[in-house]
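Engineer: Here's the letter readout for the chains.
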Amino acid sequence: MPDTLQVNNSSIRLMKGDITELEIDAFVFYAQHDLKLGSGFGTAISLRGGPTIQEELDAIGSIGTTDAVITDAGKLKAKHIVHAVGPRFQEVDLETKLRTTILNCLKIADSKGAAGIAFPAMGAGFYGVPLPVCAEVSLRAISDYLCQETGLKDVTVCLLDNREYKPFTDQLTTMTASSAKA
Amino acid sequence: MSKQTRSYNAQKVIERMGKKLNRQIVGSLTACVHCGMCTDSCHYVLANPGDPTYAPAYKADQIRKIFKRHYDWTGRVLPWWVKAKSVHSDEDLETLKDTVFGKCTNCRRCTVNCPMGVDYATFNRMARGLLVSVGIMPEGVAVVSKDQWEIGNQMGVLKEDYLETLDWMSEELQDELKDETAVIPVDKEDADVVYSINPREAKYDPRTISDAAKIFHIAGENWTMPSEGWDMTNFGLFSGDDELGGAVARKLFDKVTELRGKKLVISECGHGYRSTRCEGQNWAGMDVDFVMESSVNTMLRYVKEGRIKVDKSRNTIPVTFHDSCNNARSCGLTEEPRELLNLVCENFTEMYPNRAENYCCTGGGGAMSMSEYTPRRLKSGKVKAEQLAATGAKIVVTSCHNCVDGLQDVIRHYKLDMKVTQLVNLVADALVIPEPVEVVAPTPAEVVAAVTAEVEKAVPVEADAGPDAGGSLAGYTILVTDDEPDFVVFASAILEDNGAKVLQAHSGEEAMEIARRETPDLMTLDLGMPGTSGSEVFEAMRNDPDLKSLPIFIITGQPELRKLIYERDVRKPEGYLDKPINEQGLLTNIRKVLNVSRT
Chain P
1 MPDTLQVNNS
11 SIRLMKGDIT
21 ELEIDAFVFY
31 AQHDLKLGSG
41 FGTAISLRGG
51 PTIQEELDAI
61 GSIGTTDAVI
71 TDAGKLKAKH
81 IVHAVGPRFQ
91 EVDLETKLRT
101 TILNCLKIAD
111 SKGAAGIAFP
121 AMGAGFYGVP
131 LPVCAEVSLR
141 AISDYLCQET
151 GLKDVTVCLL
161 DNREYKPFTD
171 QLTTMTASSA
181 KA
Chain Z
1 MSKQTRSYNA
11 QKVIERMGKK
21 LNRQIVGSLT
31 ACVHCGMCTD
41 SCHYVLANPG
51 DPTYAPAYKA
61 DQIRKIFKRH
71 YDWTGRVLPW
81 WVKAKSVHSD
91 EDLETLKDTV
101 FGKCTNCRRC
111 TVNCPMGVDY
121 ATFNRMARGL
131 LVSVGIMPEG
141 VAVVSKDQWE
151 IGNQMGVLKE
161 DYLETLDWMS
171 EELQDELKDE
181 TAVIPVDKED
191 ADVVYSINPR
201 EAKYDPRTIS
211 DAAKIFHIAG
221 ENWTMPSEGW
231 DMTNFGLFSG
241 DDELGGAVAR
251 KLFDKVTELR
261 GKKLVISECG
271 HGYRSTRCEG
281 QNWAGMDVDF
291 VMESSVNTML
301 RYVKEGRIKV
311 DKSRNTIPVT
321 FHDSCNNARS
331 CGLTEEPREL
341 LNLVCENFTE
351 MYPNRAENYC
361 CTGGGGAMSM
371 SEYTPRRLKS
381 GKVKAEQLAA
391 TGAKIVVTSC
401 HNCVDGLQDV
411 IRHYKLDMKV
421 TQLVNLVADA
431 LVIPEPVEVV
441 APTPAEVVAA
451 VTAEVEKAVP
461 VEADAGPDAG
471 GSLAGYTILV
481 TDDEPDFVVF
491 ASAILEDNGA
501 KVLQAHSGEE
511 AMEIARRETP
521 DLMTLDLGMP
531 GTSGSEVFEA
541 MRNDPDLKSL
551 PIFIITGQPE
561 LRKLIYERDV
571 RKPEGYLDKP
581 INEQGLLTNI
591 RKVLNVSRT
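Chains as they are written, first to last, in this note's numbering: chain P, 1 to 182; chain Z, 1 to 599.
Treat the hints loosely; a few may be bogus.
[What the hints assert, rightly or not] Some, not all, of what chain Z presents toward chain P, calculated at C-beta under 7 angstroms:
1. K12
2. S133
3. V134
4. G135
5. V143
6. S145
7. K146
8. D147
9. W149
10. I151
11. G156
12. A247
13. K251
14. R568
15. D569
Because the hints were derived from the structure by calculation, they are not lab data. Even glycine gets a Cβ: it sits at the ideal position worked out from N, Cα and C.
Just chain Z, with the same shape it has in the complex (with noise of 0.2 angstroms):
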């Protein structure tokens, strides 16, 4: 075909094409034998063994095929025997875009295993990133990528709900230590550590920023966190967009530059402590003189230099360890969770292959946020499922927060009774509290913090509040909504003792009838219901003029439905929790959003 019959987007492609190839790409585009030792190691293909097109080897291929074509001699001169083939149209950019989003995970578990040292998941996205050169990209990674590039974080975090995030978790601090002085410090120059978290954190999981709050202020640290370029996540890893990790990258940097930070601690997030220690200076083009390091590390650090004294008898549940692909695989971060993890629970069994050998959770590589592809990741999902169920254990620690929701799917997908969890909550739950407390003085911007936690407390929240005003619900009305009549009798007791009118609705009928009558605080709405479905449910409420300001608390256990609610053009959810629940977490989550809601 002539380069006249080729699509625009195509050619762009092609020329792109050239600008990225490097000699580790060049090399390993060049290196495959077509051996086979990779087939194996893909969790796709163990769990598709009838599908050769899951092979790692046939995936490189795709874009092996463009490169022989256009920028090796072999190709040029022999195109049928090395199988050179050009892509001309954009449907053969949307058949490569199903290949590289849809089919890999980016995992590397058949690199470590190519005897010929291919990489294959590194020109799998810089194959990704040239397709989103083109725009070409599954939505969900368009819908990320532009949440990070303009609001600053992958999650789309607005800085108001940031700040007020962590003044939650302040106030939840104090509360819990009974010390005034155990605060959130924002933006505090000169800290010895910085800590960076994932916006997954602030938007459904704040207990993981409180937790290393208390870890940080019992180990008597001088810490902070940033106001703006508190992002450690990175898209641009996902979705091959070197410029994208650049730019969040520098955000990030130049923050802890300007706070004259001495040392950036990254939350537990496999691809976040990937992007920013190891990939993250390239991508930006710029060199710190600042250390970083995961807060693996720094609570490993912590208990061994006797900053913070932890009781393992607190944790006698049996876990395992998944070990998160970018951290094993790709930064070698292997030993130091498994020696802290030996440190805080008292029975911890090995999960097998493991370390750079274990398996993806099927979420890697940007797949949570890519809904088109759910079945196959679930299906994909087999291995690891039988790895899981393999250890006998209750509860599986990773460090990584992608890795929480993965394994989270691939839990209830295959219906195991198994919990997920972070190192960070596991020290926190082990964490000898001093008494009394011994603090470092306080600065003064800790100083005016506190004294402002105070005024605010002052501020009676509702007018009959007893000694528990903090976590009483007195007063207010919540509609519980969910077709599981055991889930409606279990969340509405929990509501009902801590002094909340509860009101039940088990479809999504009932519940528009109820809310439009009854006129609750908060609606609690399952997205999995039979019939009208939660997410119509939702938009039609936040279409309504007379139900559209009600707050809705989603509360699901069909995660890889929460696309169809956060892709519509309505408000976003007040709140959201992955079933199951416990009580803690239902309580403190509602508690947020009926304050959001009334103030």
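Bound-form chain P, shown alone (with noise of 0.2 angstroms):
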């Protein structure tokens, strides 16, 4: 099964870990309106990371479905976090506000000059996105990206275990069958 998709001068790749430990240019994180950082992967980043990162966010104040914006990382391994708020909870047009939000995320990593980003699997597990869904949005919006001009030559999706990571090669083996046919 294919970890890995070339898409111009850029990879996609796919890895298991932890995404707030990456040594990484910027990580994305599925955020609440608010921008408090709150529990799951907000734990880690503040435990970790320090107070900085929120003090950060509270002067952002709060951000609204697709909105994206980008924070230092703290003592984090990486550079800068991303912030963004994706689709949850069975929400009207999932798929296009995902879509929207991966791309917002990729946009405004790319102007901060990073060269690589690492994404979640975006919204799945508590916001209940389902993981096939999940997988096809996400690797599809990275790759549109990735066929225009940019500076990001590495994108990775760093998931939590096989659960999350066998419907990401799944997906990743059909466009990887779709891109050798055209």
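Hints in hand, dock the two standalone chains.
Structural biologist: What follows is the structure, encoded as structure tokens:
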């Protein structure tokens, strides 16, 4: 099963691990509207990264669905965190909103000059986006973005476990086969 | 009301209900004859006799009416006759939330008392899951669920903190047994036992880990603890989220499989035992090829097989036993704990009613995480308090971490003179340590762990450390903050006797002033102080540039206030203890925090 896909001069890569421990230009956090870090990955970010991240978010205030903002990553190994509010809990137009959210994350990371960015399984798990939907929308949005001119060279999807990993490798296999035919 | 005027969330709940209906749920939704047999079986009803909305049949009807309206022909044809009714708005869903989360702990006592076999808890859980799927749930349920989804355990314990706690417990065990091989093996492959725990143990009650380690070590067990996938609790059981249930169970099962473990032993936790051993494979949609058992069975077998020797004369204080609802009613684990209790305690008194008829500790079904319902929960604890008091026991033993917290709340609220403990603690206390300890040859991994521990011990913690260097608090300044003078004197005496310089504050304002002036190494903080509350002081200090790095150790007699601390968007406290405290517990935890803060 492939775990990478080359798109122009960039690559999409799948991996398993803890996204908050990656040494990378930026990683994405599936944020809340009020930008409070809260629990889950928010716990890891606030404990490992220190209080400056939340302080920076407090200065921004709040954002709407599909919006993304970027902060420093405090004491984490990453340089930046992209905080993005995606759709949640069977929200209407879920797939469209998820795609827009992912594209906004890529744009804001690009604008900061990031060469690498990591995504979690966006909205899967607590927020209830089904994993197959998450995998298809995420990988297609990333691939489409990388077809344009961009400074992003490495887009990683960092997944928690085998349960999350499999639908993404399935989707990557489908896309690899399509690109081979093309 | 037409479909067009129904809220989006209400429509989604109705649609999803159809996918959740199985034979068991439909049977329970249709079989009720409203005979009332369930009414007096519910501890909420017994504590609120004038309020019919707590009656299981009434609560069940709030879900049943939706089923009747949309999925049962009687409700479609004769809705007025069978009281079929739909939900139309998000307010309707909020009302349903109040019932399914706030008026039931899914303890299933009504189920065992229903002549028709209606399992209300099962479809109450279904209703919880339907609400969670549209984002309607108590805040605490959201917090805990997200932690378990993303961090991998329901208390958000980071991997480094978990491993550090295991290291710490290994060191304590080595010191206690004077045995360098007495370590907690992590990720050891081909072990006969893989031991999984409740994150509460790593976060608040590490003595249960060291006690279990001591028992495994003395029994000569070939055992290990996993570095990941170690949480055997499963909030999916409480939230009704089968996806979460499956993800958590799979994480645990995958790790045991990866390590080629032969048996998964589940530490004492009612819902953990049920969700891992009884429900996990269904939720995860997978079979496992290893055995699963409760640590109660493991300990009992060790005693029976002579692998450990116990001396019951070491546990003389009168004890009683509280059956966890999940262990007793859902899994039939009733006799083994009693057999073990009689082997390690001299004076065991039964509580009535007991076994499958026992009353809930009040903390079941995730109730401990739903602080908005705490007053109701404590009021419903009247039944439990009367049960406990009638035993005359001084210690209540339970095989469930959730019950430990629930019972402690009840004991405090109703001012009972009792303590709560678990079987693992009593077995460890009764354990006869052989001299010399006979151990199997250590594996290479154990040797590495032992050598590492030796190297770490060789590094002096303090320049003037004496023979009791590991325990001495000399050189540390600790600020004790509490409005109860007796407590301040008690805690100060313990800390001073162990070498610490102690400062005292009796209010939040005074604590902040002293902390700023004296820059102590650690501060203990009571939450329930008059004036500026402990939680306000905590947040203010965390946001104060001069004070935010000061380690804060919460010591409170009001654990229901815990949530006020943990929900704040500031760094979490470095430690937490419930009152009443004891000397050993205070010192062990203070030492732990100081080590953390100084490295």
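Engineer: Each hint needs a verdict: does it hold in this structure or not?
Structural biologist: Going down the list of hints, with the structure as the test:
no.	hint	verdict
1	K12	5 angstroms, holds
2	S133	6 angstroms, holds
3	V134	5 angstroms, holds
4	G135	4 angstroms, holds
5	V143	4 angstroms, holds
6	S145	6 angstroms, holds
7	K146	4 angstroms, holds
8	D147	5 angstroms, holds
9	W149	4 angstroms, holds
10	I151	6 angstroms, holds
11	G156	4 angstroms, holds
12	A247	6 angstroms, holds
13	K251	6 angstroms, holds
14	R568	10 angstroms, violated
15	D569	5 angstroms, holds
When held up to the earlier numbered hints, the structure conflicts with hint 14 and nothing else.
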